[in-house]
Amino acid sequence: MFSTCTTLIAETVRNQYEKIDSLILNVKKVFLKAPLRVKVYKKSLGYLPLPPKPVLTRWRAWLQAAIFHCEHLEDNQKVVMKFDNNTAKPIETAQKPYKLPEIKKGLVYKKRILLYLQKI
652 MFSTCTTLIA
662 ETVRNQYEKI
672 DSLILNVKKV
682 FLKAPLRVKV
692 YKKSLGYLPL
702 PPKPVLTRWR
712 AWLQAAIFHC
722 EHLEDNQKVV
732 MKFDNNTAKP
742 IETAQKPYKL
752 PEIKKGLVYK
762 KRILLYLQKI
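Mapping to the numbering used here: the sequence shown position 22 is 673, numbers consecutive.
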């Protein structure tokens with residue numbers, strides 16, 4: 652019963668934060684099986700680990716990824732925007748959320764909610 656409730660809460664939160672969910676999933680694809688892009692990331696942001704690769708069925712993993720993207724939005728944005736969006740479809744789709752003004756504006760508020768939910 653508890654796992655069913657947790658899954659329902661996770662799906663509801665992901666649906667409420669579609670733009671963050673899109674950002675997480677698309678940035679994950681940019682670095683998946685792309686050693687040259689990973690190298691660029693590490694060279695630019697050597698002090699940061701790669702963005703987490705959440706498993707959708709693991710509630711806390713998605714929350715941790717969302718919080719990571721909230722905390723490091725501008726750093727990750729600089730790296731992802733460096734890539735030529737004509738070279739791969741994941742790059743183009745990952746760059747779209749960064750261009751949305753509501754992503755940056757709402758993340759401070761959303762981060763507080765995500766941190767609270769992580770404690771549940």
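What the hints contain is simulated information worked out from the structure, not anything from laboratory work. There's no promise every hint is true.
DSS-like cross-link-like pairs, simulated, lysine-lysine; straight-line CA separation at most 30 Å [unchecked claim]:
(1) Lys755 to Lys770
(2) Lys694 to Lys747
(3) Lys670 to Lys770
(4) Lys756 to Lys770
(5) Lys729 to Lys756
(6) Lys693 to Lys755
(7) Lys770 to Lys733
Verification of the hints:
Restraint check: the Cα-Cα separation between Lys755 and Lys770 comes to about 24 Å, which is no more than 30 Å; the hinted pair holds. As the CA atoms of Lys694 and Lys747 are separated by approximately 23 Å, the hinted pair is consistent with the 30 Å bound. Our distance criterion of 30 Å between C-alpha atoms is met by Lys670 and Lys770, whose separation comes to about 22 Å. In summary, the hint linking Lys756 to Lys770 is supported, as the alpha carbons are separated by about 24 Å, within the 30 Å threshold.
This hinted pair checks out: Lys729 and Lys756 have alpha carbons roughly 17 Å apart, not beyond 30 Å. Between Lys693 and Lys755, the direct Cα distance comes to roughly 23 Å. Compliance with the 30 Å bound is thereby established for this hinted pair. Between the alpha carbons of Lys770 and Lys733 the distance comes to roughly 35 Å, so the proposed pair goes past 30 Å and is violated.
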